[in-house]
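**Q** First residue of the sequence shown: 1478, per the working numbering; consecutive thereafter.
Hints in this document: simulated from the structure, not taken from any laboratory. Heads up, some of the hints might be wrong.
Only pairs whose alpha carbons sit at most 25 angstroms apart, straight line, appear in this in silico PhoX-like list of lysine-lysine [what the hints assert, rightly or not]:
| hint | residue 1 | residue 2 |
| --- | --- | --- |
| 1 | K1536 | K1519 |
| 2 | K1577 | K1543 |
| 3 | K1519 | K1481 |
| 4 | K1543 | K1481 |
| 5 | K1536 | K1577 |
| 6 | K1577 | K1542 |
| 7 | K1536 | K1481 |
| 8 | K1519 | K1539 |
| 9 | K1542 | K1481 |
| 10 | K1481 | K1539 |
| 11 | K1577 | K1519 |
| 12 | K1539 | K1577 |
| 13 | K1481 | K1577 |
Per label pair, the in silico range of CB-to-CB distance [claimed, not checked]:
| hint | residue 1 | residue 2 | range |
| --- | --- | --- | --- |
| 14 | C1501 | A1584 | 15 to 23 angstroms |
| 15 | T1495 | G1527 | 42 to 50 angstroms |
| 16 | E1610 | D1498 | 21 to 29 angstroms |
| 17 | Y1497 | F1535 | 29 to 37 angstroms |
| 18 | W1612 | L1586 | 33 to 41 angstroms |
| 19 | A1524 | R1596 | 33 to 41 angstroms |
| 20 | T1495 | S1608 | 19 to 27 angstroms |
All values reported here derive from a predicted model rather than from experimental measurement. The beta carbon of each residue, even a glycine, is placed where N, CA and C say it ideally should be.
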Amino acid sequence: MPWKLSSEFTFDSAHVITGYDGPCGRLHGHTYRVRMELSSDKLRPSAHVGRAIMVADFKTLKWAKKDVDAGGLDHAYLNDLPDLGNDTTAEVIAAYIHRKTMDRVRADLPDGDDGADLRLHVTLWETPDSSCEYWE
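Sequences are here, hints too, so could you generate the full structure?
**A** Laid out in structure tokens, this is it:
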């Protein structure tokens, strides 16, 4: 892939891993760090510029950084999200961020572009030294 966008950000959220026998089974929070890496064979227009000069808009990759009331994950209680429910492990959250990001990227594609060349790699740190990676 000739182009790769990379973006990193943090968000703060709380969760409980239901049924976990240990401290993660109690309400607790994390400052999650996320790295998004989106690769593409071609450049495209975006919602903000009509010329084919972007892989995607950086704004699209940073949606999860927004406050929960604005559609992001910052200051969310992750167990309240219908797509996560009680399964709020780093693995499930990374896959969720991947799926929701690709939905947003594809929504910005021009008509007739299925985005088949797009590849997203998500790395989610739950703590400074514990991370999970997800990609398809």
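**Q** The structure should be examined with respect to each hint, and the outcome stated for every one.
**A** Hint by hint, here is what the structure shows:
1. Between the alpha carbons of K1536 and K1519 the distance comes to roughly 19 angstroms, so the proposed pair stays at or under 25 angstroms and holds.
2. Distance restraint check for K1577 and K1543: the Cα-Cα separation of roughly 13 angstroms lies within the 25 angstroms cut-off, and the hinted pair is therefore satisfied.
3. A distance of roughly 10 angstroms separates the Cα atoms of K1519 and K1481; the hinted pair therefore holds under the 25 angstroms criterion.
4. Distance check on the hinted pair: K1543 and K1481 sit about 23 angstroms apart at the alpha-carbon level, within 25 angstroms; holds.
5. A hinted pair counts as satisfied when its Cα atoms are at most 25 angstroms apart, and K1536 with K1577 qualifies at roughly 13 angstroms.
6. For a cut-off of 25 angstroms, the pair hint linking K1577 to K1542 stands: about 13 angstroms separates their Cα positions.
7. Annotation: proposed proximity of K1536 to K1481 holds, straight-line Cα distance about 15 angstroms (limit 25 angstroms).
8. With a C-alpha separation of about 21 angstroms, the suggested pair K1519 and K1539 falls inside the 25 angstroms cut-off, and the hint holds.
9. As the CA atoms of K1542 and K1481 are separated by approximately 20 angstroms, the hinted pair is consistent with the 25 angstroms bound.
10. About 15 angstroms separates the Cα atoms of K1481 and K1539, which keeps this hinted pair within 25 angstroms; it holds.
11. Proposed proximity of K1577 and K1519 is supported: the alpha carbons are some 22 angstroms apart, at most 25 angstroms.
12. Our distance criterion of 25 angstroms between C-alpha atoms is met by K1539 and K1577, whose separation comes to about 11 angstroms.
13. Simply put, K1481 and K1577 have alpha-carbon atoms about 19 angstroms apart, close enough for the 25 angstroms limit, and the pair holds.
14. In this structure the hint that C1501 and A1584 lie 15 to 23 angstroms apart at CB is violated, the actual value being about 34 angstroms.
15. Separation of T1495 from G1527 is about 47 angstroms and conforms to the stated range, judged on CB atoms against 42 to 50 angstroms.
16. The hinted window of 21 to 29 angstroms between E1610 and D1498 holds, with their beta carbons roughly 26 angstroms apart.
17. Roughly 35 angstroms separates the CB atoms of Y1497 and F1535, a value that falls within the hinted 29 to 37 angstroms.
18. With their beta carbons about 19 angstroms apart, W1612 and L1586 fall outside the hinted range of 33 to 41 angstroms.
19. At about 21 angstroms, the beta-carbon gap between A1524 and R1596 misses the expected band of 33 to 41 angstroms.
20. Taking the beta carbon of each, T1495 and S1608 are about 22 angstroms apart, inside 19 to 27 angstroms as hinted.
Checked against the numbered hints listed earlier, the structure breaks hints 14, 18 and 19; every other hint is satisfied.
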